[in-house]
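Peer 1: Protein chains in written order, with our numbering: chain A, 2 to 58; chain B, 22 to 181.
To be clear, the hints were calculated from the coordinates, so they are not data collected in a lab.
A virtual CB, placed ideally from N, CA and C, is assigned to each residue, including glycine.
A few of these clues could be false.
A few chain A residues that face chain B, going by a derived Cβ cut-off under 7 Å, partial list only [said to hold, decoys possible]:
hint: 1; residue: Met6
hint: 2; residue: Thr16
hint: 3; residue: Ala20
hint: 4; residue: Ile21
hint: 5; residue: Pro23
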Amino acid sequence: MHILMMILYAAIAATVLSAIDPRSDTTPQRLRHGLKMFGAFLGIGLLLSWVLYPIPW
Amino acid sequence: MQSRDDLSDDLAAHFRAHVAAEPELKPYPMPRRALAVIAAWLVPGAGHLILGKRGRAVLFFVAIVGAFALGLALHGRLFWPAPPDSKDALIPFDLISVLWFFSQIGAGLCYLVPYVGGWGTNPQPWAATYEYGNAFMFLAGLLNYLVVHDAFDIGAGRKR
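Isolated chain A, as found in the complex (with noise of 0.2 Å):
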């Protein structure tokens, strides 16, 4: 559950932060902009909750 709720919210925030980027100006440009914010987020995400699952709080 958790981990398909990430992945909704990094593909929604990915595909607007993409579509308004300043930067592309192309729809394949903004494609790879957004894929790679994707990558960003998840990859990310992955990784703190790795370096956090250690810490108890």
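Chain A is already provided as a structure; the job is to place chain B on it using the hints.
Peer 2: For chain B alone, kept in the frame of chain A given last:
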């Protein structure tokens, strides 16, 4: 290694083919620009539709309205600035509730319609998906603030 003249010729050819071929950016008339910004706040994507960016308008509408509706469906709560816990508080509001409210009201009618209809106004923190729901509604509102700014920039002729 290219000579300076060859490099200049290459750059000139690139400029003619790519930069000069694109139409110059021009600001939209003020009433249309203002209407686009207000509409963009009220209905996600409507501002871009007014400015003729249909594809992006549909994308923003689906993503932002979808995120907000998903948040409501996951038992998220619509926040309203609450009174402070203490009577001696300097500010007449509970600040965190003001922040949550600010995040959600960014989605415009997505917030106002359910609020008037009474959907999401009864908090259900015991629901397993309560926090997920809130997170999606905050996301929708905050993304729509960026979309409003984007509509403003397009209207002002700063981007395509």
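Peer 1: Run every hint past the structure and note whether it holds.
Peer 2: Here is how each hint holds up against the structure:
{"no.": "1", "hint": "Met6", "in the structure": "holds (5 Å)"}
{"no.": "2", "hint": "Thr16", "in the structure": "holds (5 Å)"}
{"no.": "3", "hint": "Ala20", "in the structure": "holds (5 Å)"}
{"no.": "4", "hint": "Ile21", "in the structure": "holds (4 Å)"}
{"no.": "5", "hint": "Pro23", "in the structure": "holds (5 Å)"}
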